[in-house]
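Below are the chains, spelled out letter by letter.
Protein chains: 2
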Amino acid sequence: MSKVLGILGGGQLGLMMIMESRKLGVKFLVHDEDPEAPALGVADGKFVGDSWRELIDKSDVVTFEFEHVNLNAVNLAESFGKLRPGSLTIWLKQDKIREKSFLRDHGFPVPRFMIVNSPEEVDKAVNQLGRVVFKEPQGAYDGKGQYYVMGEGDLGKVPRRFPLLAEEFVDIYKEVSVVLVRSSDGDVLTYPVTENYHYNGILLYSIAPAEVDEEVAGRVKEIAVRLADTLNHVGVLTVEFFVTRSGEVLINEFAPRVHNSGHWTLIGAAVSQFENHVRAVLDLPLGSTELQRPSGIVNMLGVPYNEEVIRRVLAVPGTSVWWYGKAKVRPRRKMGHVNIVANNVDELRKRTNEVLSIVYGNDIGRYVSPWNLT
Amino acid sequence: MSKVLGILGGGQLGLMMIMESRKLGVKFLVHDEDPEAPALGVADGKFVGDSWRELIDKSDVVTFEFEHVNLNAVNLAESFGKLRPGSLTIWLKQDKIREKSFLRDHGFPVPRFMIVNSPEEVDKAVNQLGRVVFKEPQGAYDGKGQYYVMGEGDLGKVPRRFPLLAEEFVDIYKEVSVVLVRSSDGDVLTYPVTENYHYNGILLYSIAPAEVDEEVAGRVKEIAVRLADTLNHVGVLTVEFFVTRSGEVLINEFAPRVHNSGHWTLIGAAVSQFENHVRAVLDLPLGSTELQRPSGIVNMLGVPYNEEVIRRVLAVPGTSVWWYGKAKVRPRRKMGHVNIVANNVDELRKRTNEVLSIVYGNDIGRYVSPWNLT
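Top line first, the protein sequences correspond to chains A and B.
Read left to right, the first sequence gives residues 102 to 475 (our numbering).
Read left to right, the second sequence gives residues 102 to 475 (our numbering).
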């Protein structure tokens with residue numbers, strides 16, 4: 102009989118997991134608090150509110166599409182031996198201080214940081230680290246809960262809620278990520294390194310393969326694999342890096358799941374990150390992560406469904422559109438993305454720019470304003 | 102608002118159309134007589150029995166996944182101006198004599214044929230054409246309703262139901278097909294030519310790009326495009342060719358729809374035949390049909406769902422599995438297929454052979470026996 106996979110969380114990541122992997126003969130159950138969550142619409146079984154107990158009961162394996170899910174559900178699934186990956190990464194991801202400390206304590210390269218517990222320590226952090234990013238331990242995500250202190254004048258922006266994570270500001274040459282998949286036997290396959298571009302703290306577009314030195318690409322892959330091994334991870338893991346001009350690489354953060362910067366694999370690899378995650382958690386053999394053609398994505402952030410825009414995007418060679426079908430539009434919200442392929446990275450960048458200007462025109466700030474202005 | 106596309110027929114072709122194209126923001130309604138048809142399970146609206154009137158009413162555009170669908174539904178959809186492609190090809194495909202005559206009368210290369218109306222004319226056909234394939238005008242499909250007369254001894258096999266199409270037997274070097282997509286404006290994109298291998302009259306596996314002379318590849322593409330123009334076709338059209346040792350190309354038949362020999366495009370092209378069909382019938386720009394990597398498929402015919410087999414198939418590098426989830430297994434029935442990619446055609450053939458031996462072992466006849474023995 103075919104396997105039943107329960108997914109905690111019904112956002113676009115769960116939606117794409119199902120759309121990419123149902124072909125394997127897997128049945129999908131989805132839980133989300135929000136009855137309008139997009140993945141519920143394509144699930145074989147829908148569970149809302151407190152019904153996650155029933156989902157766990159009916160699933161052979163339980164996974165999550167997002168690390169901020171109901172912890173009671175995570176714990177119950179784990180107590181039945183059904184949770185994949187395990188709860189360690191969820192626990193680490195609940196708190197930025199915990200995550201950064203774990204990485205540092207296990208020998209992974211991270212920006213210098215301090216834990217700040219008082220207004221005096223805010224000043225001390227600035228004295229010691231120079232330019233500082235202060236982050237709220239919980240809820241710093243997609244640009245929220247982060248405060249940049251680039252000079253004295255910015256100090257007033259830092260909230261007086263403690264503790265805060267104070268991290269040295271890294272003068273970034275490039276931001277890249279490694280998406281990998283790891284089996285329960287410890288086999289690991291990495292996708293080609295992806296180059297990421299953010300706008301107001303949120304991913305705007307990605308390009309693969311990243312244009313970095315081969316040596317740098319090899320190093321970030323090696324670190325990502327070592328992290329997956331350290332976490333004894335099963336499934337897809339994404340590690341985001343800062344690359345400095347001098348070629349230093351530092352882990353910014355990791356995500357114990359499929360990731361926006363891996364959406365290009367939907368077209369650019371024979372087996373997408375979504376299918377590979379499902380394969381890994383169900384103990385099926387991992388699939389090819391090789392690049393088929395240079396590939397990228399452009400996020401459609403905060404934009405309503407507009408057939409004319411989609412028509413113009415599809416007219417750019419090598420594109421397709423993934424619209425998530427969310428019930429409501431909000432500024433910065435990930436409403437969909439555009440997949441783009443090309444014969445080389447230059448052509449890919451050109452097409453990416455075309456798509457960006459079709460989706461956002463000259464007024465990207467209208468759709469992707471800073472989180473604190475939305 | 103997003104478009105609503107009605108699909109007549111709920112088999113695997115409709116299923117893959119939906120799974121590949123929902124991301125465009127399209128809503129899908131499906132009609133099938135059989136309430137267990139696989140595409141119904143993923144439709145936004147399900148219509149069984151006589152409810153096709155309601156489907157047509159609620160759809161912006163109506164298409165079909167298969168040419169043998171309810172003709173009343175086809176006619177009603179067309180009378181409302183909603184049917185794409187038009188009914189001409191359905192009418193031609195209802196009758197092999199009609200199809201072949203249309204092709205010949207419009208100057209397309211086809212094997213020599215005669216229309217046979219009596220036992221005497223059976224003999225006459227054999228005298229004039231030599232080795233002959235007799236085909237029942239209706240219902241000759243996937244090897245059914247075809248009778249090969251290679252010598253006097255085979256004459257008894259030919260049924261005494263008339264008319265029959267008597268077609269010269271072509272000594273085939275290769276069978277290839279061209280899958281193309283045509284917009285209502287007359288824009289046409291062709292996928293790379295595909296090489297097809299049949300077993301007991303049913304497609305067993307395909308390889309793209311076909312290993313034929315470039316000149317031959319160009320010629321079959323040109324003929325296929327000319328046929329699409331002649332039919333004023335909108336959507337995907339597939340044309341199957343015989344290629345002889347001398348390089349002659351003859352149309353075997355065409356299918357006014359997505360086709361089994363184009364399933365490799367699910368991974369091997371940036372935009373699959375399924376997505377391109379949906380784009381074309383909804384007047385969206387056509388997507389890239391370029392080959393990303395050498396790609397093929399192996400059909401899983403008449404085999405039950407077997408997790409161990411799927412596991413072994415997925416362990417072959419470059420593979421994925423598309424299982425259709427049909428309610429019942431029958432010999433010869435298309436239960437699923439395996440997608441395969443590789444870095445070159447030799448590696449692709451090697452992987453294809455591995456997959457064939459995993460799926461069928463040494464006893465393919467058990468699953469793909471001749472239709473008249475099932």
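You may find that some hints are simply not true.
Just so you know, same-sequence chains aren't split out, so a pair can sit in one copy or run between any two.
[Stated by the list, open to error] Only pairs whose alpha carbons sit at most 25 Å apart, straight line, appear in this in silico DSS-like list of lysine-lysine:
(1) K427 with K245
(2) K322 with K183
(3) K429 with K159
(4) K159 with K104
(5) K147 with K128
(6) K104 with K435
(7) K245 with K435
(8) K159 with K128
(9) K128 with K427
(10) K147 with K427
(11) K429 with K104
(12) K451 with K128
(13) K275 with K451
(14) K429 with K128
(15) K104 with K427
(16) K104 with K451
(17) K245 with K275
These are computed hints drawn from the structure, not numbers from a lab.
Results of checking the hints against the structure:
no.	hint	in the structure
1	K427 with K245	within (21 Å within a copy, 46 Å between copies)
2	K322 with K183	neither (29 Å within a copy, 52 Å between copies)
3	K429 with K159	between (30 Å within a copy, 24 Å between copies)
4	K159 with K104	within (10 Å within a copy, 35 Å between copies)
5	K147 with K128	both (12 Å within a copy, 19 Å between copies)
6	K104 with K435	between (30 Å within a copy, 21 Å between copies)
7	K245 with K435	within (15 Å within a copy, 50 Å between copies)
8	K159 with K128	within (11 Å within a copy, 29 Å between copies)
9	K128 with K427	both (22 Å within a copy, 14 Å between copies)
10	K147 with K427	both (16 Å within a copy, 22 Å between copies)
11	K429 with K104	between (33 Å within a copy, 18 Å between copies)
12	K451 with K128	neither (40 Å within a copy, 31 Å between copies)
13	K275 with K451	within (18 Å within a copy, 41 Å between copies)
14	K429 with K128	between (27 Å within a copy, 17 Å between copies)
15	K104 with K427	between (28 Å within a copy, 16 Å between copies)
16	K104 with K451	neither (43 Å within a copy, 30 Å between copies)
17	K245 with K275	within (21 Å within a copy, 60 Å between copies)
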